[in-house]
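Protein chains: 2
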Amino acid sequence: MQRSQGNSTVGFIGLGVMGKSMAGHLLKAGYPLIVYNRTKAKARELLGEGAVWADSADELAVKCQVIITMIGNPKDVEAIYFGTEGLIENAQEGTYLIDMTTSSPKLAVQIGQAAKAKGLYAIDAPVSGGEGGARAASLTIMAGGDEAAFNAVLPILKQMGNNIVLQGPCGAGQHTKMCNQIAVAASMLGVCEAMAYAKKSVLDPKRVLQSIETGTAGSWVMSNLAPRMLVGDFSPGFHIKHFIKDMRIALESAEAMGLETPALKTALKLYQELADQGEGDSGTLALFKSYCRC
Amino acid sequence: MQRSQGNSTVGFIGLGVMGKSMAGHLLKAGYPLIVYNRTKAKARELLGEGAVWADSADELAVKCQVIITMIGNPKDVEAIYFGTEGLIENAQEGTYLIDMTTSSPKLAVQIGQAAKAKGLYAIDAPVSGGEGGARAASLTIMAGGDEAAFNAVLPILKQMGNNIVLQGPCGAGQHTKMCNQIAVAASMLGVCEAMAYAKKSVLDPKRVLQSIETGTAGSWVMSNLAPRMLVGDFSPGFHIKHFIKDMRIALESAEAMGLETPALKTALKLYQELADQGEGDSGTLALFKSYCRC
Chain A
3 MQRSQGNSTV GFIGLGVMGK SMAGHLLKAG YPLIVYNRTK AKARELLGEG
53 AVWADSADEL AVKCQVIITM IGNPKDVEAI YFGTEGLIEN AQEGTYLIDM
103 TTSSPKLAVQ IGQAAKAKGL YAIDAPVSGG EGGARAASLT IMAGGDEAAF
153 NAVLPILKQM GNNIVLQGPC GAGQHTKMCN QIAVAASMLG VCEAMAYAKK
203 SVLDPKRVLQ SIETGTAGSW VMSNLAPRML VGDFSPGFHI KHFIKDMRIA
253 LESAEAMGLE TPALKTALKL YQELADQGEG DSGTLALFKS YCRC
Chain B
3 MQRSQGNSTV GFIGLGVMGK SMAGHLLKAG YPLIVYNRTK AKARELLGEG
53 AVWADSADEL AVKCQVIITM IGNPKDVEAI YFGTEGLIEN AQEGTYLIDM
103 TTSSPKLAVQ IGQAAKAKGL YAIDAPVSGG EGGARAASLT IMAGGDEAAF
153 NAVLPILKQM GNNIVLQGPC GAGQHTKMCN QIAVAASMLG VCEAMAYAKK
203 SVLDPKRVLQ SIETGTAGSW VMSNLAPRML VGDFSPGFHI KHFIKDMRIA
253 LESAEAMGLE TPALKTALKL YQELADQGEG DSGTLALFKS YCRC
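Chains A and B, in that order, are what the protein sequence lines are. Just add 2 to the spot in the first sequence (first one is 1) and you have my numbering. Just add 2 to the spot in the second sequence (first one is 1) and you have my numbering.
Don't read these hints as lab results, they were simulated from the structure. Hints should not be assumed to be uniformly reliable.
Label-pair restraints from in silico Cβ distances [as the list claims (entries may be wrong)]: (1) Val-233/A with Glu-61/B: 26 to 32 Å; (2) Asn-164/B with Ser-225/A: 16 to 22 Å; (3) Trp-55/B with Val-233/A: 32 to 38 Å; (4) Gly-239/B with Arg-46/A: 44 to 50 Å; (5) Ala-138/A with Gly-239/B: 31 to 37 Å; (6) Gly-32/A with Val-204/B: 31 to 37 Å; (7) Ala-138/A with Ala-81/B: 55 to 61 Å; (8) Glu-95/A with Val-204/B: 22 to 28 Å.
Note that beta-carbon positions come from the ideal geometry of N, C-alpha and C, so glycine has one too.
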C-alpha cells in the first residue's frame, strides 16, 4: 500500500561526500536510519548521531521501508540492486527503492521493471547542486517513476532538496540529469574558450566578465567557475573523473537515440585527455588548463 | 583638446534596426544629429524628429565632433573609415570616431593607428543586447581605446547603454565582443543538444527546464531561447547570417593567436550548414532544427 513514508525506517547506501550529508538530514528530521557503506569508517559520524549500521545491502534491505542509494557508477548500482544479495531480491514487498546516483537511464528502466515484478516501487532521483547543495539540503532532484510512488516519498526527498520535479516514468530522472550534464559540458567549453581568448589577447579576463556575464553569454558556469579558473583555483566542486562518467552515460544514451551531440563529444574528449594526464581528481574547471596550454 | 562632448554635433552612420534606435536616443537627449545611411528611406523617421541628412560619409565627417558607425561587417567598416572619401581623411582634427559595429579587432587596431596619425580619437565599442537593448537604451557596450577619449564620449555612450566598460586599447572592445560570441556559441550548442536529447527521450522538455535552468546548467540562452525553440518560434532576435559573420571574425582572431576553439568551430560549421539551407535570416535559435533533424 502506498502511503506517506513519515515514520518509515530509511536505509541509506553510499556515504560519500554527498551521501553523508543527505543521510544526515534524514536523521535530523527524525527518520530511523540504517546505513551501509563499503568503507565503514565513513559512517562513523552518522552512527554517533543515532544511525544503525548494517553489514551488507541485503541485511539493510529486509529492515527498511525506503532505501536510498547514492553510489559510484552504473556498475555499482547494478551490483547493489541485482543478484541474490541485491536490494530487489531482499527488500520487503512495498518497499521504495530510490537511486540518487547519477546512473544510466537504461539501467533505471531495468531496475523499475524488476522492482515492479517483485511488488517494489523504484524511483530514479539523481541530483545536481554538488557538495554545497547536499550540505544545505538545497539539491535539485530529478525524479523518474510512478506518480503515486513519487508522492509517497516526496516528504523524504524534501529533506534533501528544494527543486524536486517528477520528470516521467522510471529512467526520466536519469535522462533529465543527462540533459543537465550535456548543457554543463557545453558551458564549460564556452567559458574556457572565451576566457582563454581573453587571456591570449590584450584583455584582462576579469574585466571581460564585467561586460559579458550579465548578458546573452551569461551562465552559471561563467559566474561561478570563471573567476576561480582565472586565479588558478582548480580544486574540485565536482571531480573530472565523475563528470567523465556522466558524459559517457549521456553519450551512450544519445547514440542509442540516434542523436548527434558534437559539443558533448568534444567536452568528453578534452576531459578524457585531462584525466589521462592525471587530472581526474581535479575539479571540472581544470578544463581551462587544456585551453591555456594551446 | 579632449573635453566632455555634451554639446557636440554627433554623426551617425548606419541606420539599421540597431542604429536607428541608438541614434534616436541621442536625438532625444538633445545632441544635434547628422545621419547618413546607404538607404535614405531608413532615415525618414529620424529626419522627421530633427536629424539632418548628409549625402555621404565625407560630407557628414566634416561637420561632426563625434562620429558613430553601426554598419554591416568589417569590409563596410573599412570602406567607411579608409580612402579619400573615408572618415579618417575627412574628419576634423580632434574628432572622436566610435565604431559600434561588431567587427575585426585587427581592423580596430588599424583604425586606431590611422586615426591617431591624423589627430583623431578612435574607439571601438561593439554592443550586445540586441534590438531590445538598442530600443531600451540598455545595451552592453564593450569599449577599446584611450582612457581620456573614452571618458570624453562616455556621456554619449550612456544614452545607448547601461553596462559600459573600457576593456583596453583599440581592439579591446572587439576582442571582448568575440569572447561574448564564443561563449554564446557554446551555450547555443549545449542548450540545443540538451533540449534535443529531452525531446528524443521520454521527457517533456519544458518540464526538464524546470529542473535544470536554475542550477549549474543554467544560462541566459537556456532561460530565454529554449522556451521559444520548444514552441518552434525561430523568429530572429539575432540573425544567423550576422552570427556567422561574428564567429568567423572570432575564429580568425583565435587562430591568429594560436588558440584552439573546438566549440566555436563546431557552432560555426552547424550554422554555416543552416545558412546554406536558406536559414540565414532565421534567428540563431533555429540551430535547434539541426539537432531535431538527426
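The hints, checked one at a time:
1. Val-233/A with Glu-61/B: 26 to 32 Å: violated, 52 Å
2. Asn-164/B with Ser-225/A: 16 to 22 Å: Holds - the Cβ-Cβ distance for Asn-164/B and Ser-225/A, about 19 Å, lies within 16 to 22 Å.
3. Trp-55/B with Val-233/A: 32 to 38 Å: violated, 52 Å
4. Gly-239/B with Arg-46/A: 44 to 50 Å: violated, 55 Å
5. Ala-138/A with Gly-239/B: 31 to 37 Å: Holds: the Cβ-Cβ distance is about 36 Å, inside 31 to 37 Å.
6. Gly-32/A with Val-204/B: 31 to 37 Å: Between Gly-32/A and Val-204/B, where Cβ atoms are some 35 Å apart, the hint holds.
7. Ala-138/A with Ala-81/B: 55 to 61 Å: Distance hint for Ala-138/A, Ala-81/B holds at roughly 57 Å.
8. Glu-95/A with Val-204/B: 22 to 28 Å: holds, 27 Å
Hint compliance for this structure: hints 1, 3, 4 are not met, and every other hint is.
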